[in-house]
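*Asks:* Each chain is listed here by its residues.
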Amino acid sequence: MSAAIRIQQVSKRFGSTQALDRVDLEVQQGEFFGLLGPNGAGKTTLISALAGLVRADSGSLTVMGHDVQGDYRAARRHLGVVPQELVFDPFFTVRESLKIQSGYFGISDNDSWIDEILENLGLASKANANMRMLSGGMKRRVLVAQALVHRPPVIVLDEPTAGVDVELRQTLWAFIRRLNEAGHTIVLTTHYLEEAENLCTRIAMLKAGRVVALDTTANLLRRFSVHALRLRTGGALPAELARDGAESGGWWSFPFDGFDQVETLLARIRAAGCRIDDLEIGKPDLEEVFVRVMQGPPQGQAN
Amino acid sequence: MRHSGFSTLLYKEVLRFWKVASQTVAAPVLTALLYLLIFSHVLEGHVKVHGVAYTAFLIPGLVMMSVLQNAFANSSSSLIQSKVTGNIVFVLLPPISYLEFFLAYVLASVVRGVVVGTGVLLATFWFAPLTFAEPWWILVFALMGGAILGSLGVIAGIWADKFDQLAAFQNFLIMPLTFLSGVFYSINSLPPFWQQVSHWNPVFYMIDGFRHGFFGVSDASPWLSLAVVGACLALLTVFTLNLLKRGYKLRA
Ligand SMILES: Nc1ncnc2c1ncn2[C@@H]1O[C@H](COP(=O)(O)OP(=O)(O)OP(=O)(O)O)[C@@H](O)[C@H]1O
Ligand SMILES: [Mg+2]
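These protein sequence lines are chains Z and B, in that order.
Numbers 0 to 302, taken from numbering that gives the first Met the number 0, label the letters of the first sequence in order.
Numbers 0 to 251, taken from numbering that gives the first Met the number 0, label the letters of the second sequence in order.
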């Protein structure tokens, strides 16, 4: 079985900007994959190279085993891309846009699938509205719909939830999850790290065009983030305790691996005679992983 | 069932101008009609060309000028709009080859040119006795001329990053070439120097050959015109296809 996406040693330079620097990445069929990184990291450039919108200077990219240059027809038929920019054709209605997009992929009898997409994205009532008349969030939905008209096995969404309300986020992810369960490979970029943490089973982090972390979400959380007991105390902590924690904004944070350590910690604090004003348990989260990975020196390909 | 994306792209490009036909078809027909009214009023009775009354002589020129200008306008404005708004990605993401891309945009331009040209003809032919001496030339030059300007429109639409760059292309290249091509006069009435200059303008051959189809007489032989126009079309096709193949400005 060929990989859904295989990216090998791909580099791309725009003038003096090295947008992609020898990127290696493989996404297996059926995965829900997250591509994360700060603004300008190269996420969109990588997606564009995959979609044939940008030509890589070197390296090779395949979609379901089809080279995006040499075998571009097959590669593009297998790929659906939701672009980051909110673009639309003001000449057409929603349904016309979707029918035309189907036609570009050589599909003419697509009405039942179009209806299904419209229904699933909450667009059914807007089917005959002109694109110009839609709100930003509605246009975003159409953009997602357009990427799906040809039932691509690999779906790439470039920040699909930017500027989108809670309701659409939930509808959208529910639909995308169903597609994933039905066997579609999903690749997602987002700046909402909670979203990525909940959805993606594996994550790559990009920084200045390089892959600086690549692992399952669970492993990343384990490696870079921990549980922590966070508390505010009346009065200063003794040095012996402060050594084990870190203070910021009046909150002390004590990392721990197992919950039995919480008891010991609390006992030590009580023994030191400190009063606890506020207390919570911080779970490992992707945001912390992200911050740590981005602060750290580039470590090349993690594996 | 799968077919090629070409037919849909062609359909979409035709639909695009047809949906706003008042701007893309009716307006240019009206413009041509105004030219006819003004020029024929001023010059009818003063000028006879190839033994043809001036108004009759002018009509095919206006028709062909409309074909050419609208063919150019169609592909160039469609592409620049798609680029500026970003919706060009909808055409770049599907499995459409650069050859299909080229053919769709050029053919849609020809359709627009022919539709407007027909409109101008219908609006003007009853102003003067018009003959259709050798109709095949009419068709051949309309189609080839439309394709040439459609192709130029593709080049301009891809090259221009902004609307004013496209306007410059139009004002400094397309307009002079079409106006200085014998639409309003026979180049035989020009001083020798300007006659020579006109012979270097390919649009002159398009209009001259086109007019030959109506009257059976022209400044140049229609076969010479066919050769020049055919060579231009071949050259532009190769040039444009090469741009598209390289992904110039479309696929960075
Ligand atoms: N067409 C282009 N011409 C010049 N530079 C470009 C072009 N496209 C991207 N870049 C540059 O390449 C780098 C990577 O950009 P890219 O859009 O891939 O980042 P990104 O990770 O998608 O960022 P964001 O999260 O903001 O969307 C940036 O420095 C950007 O300025
Ligand atoms: Mg981006």
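No lab work stands behind these hints, which were simulated from the structure alone.
Any given hint could turn out to be false.
[To be verified] Chain Z side only, calculated, beta carbon under 7 Å to chain B, not exhaustive:
1) 72
2) 75
3) 88
4) 103
5) 163
6) 167
7) 250
Owing to the predicted nature of the structure, the values given are computational and were not obtained by experimental measurement.
All C-beta atoms, glycine included, are put in the ideal place defined by N, C-alpha and C.
*Asks:* If any of the earlier hints don't hold here, list their numbers in rising order.
*Replies:* Hints 5, 6 and 7 contradicted; others consistent.
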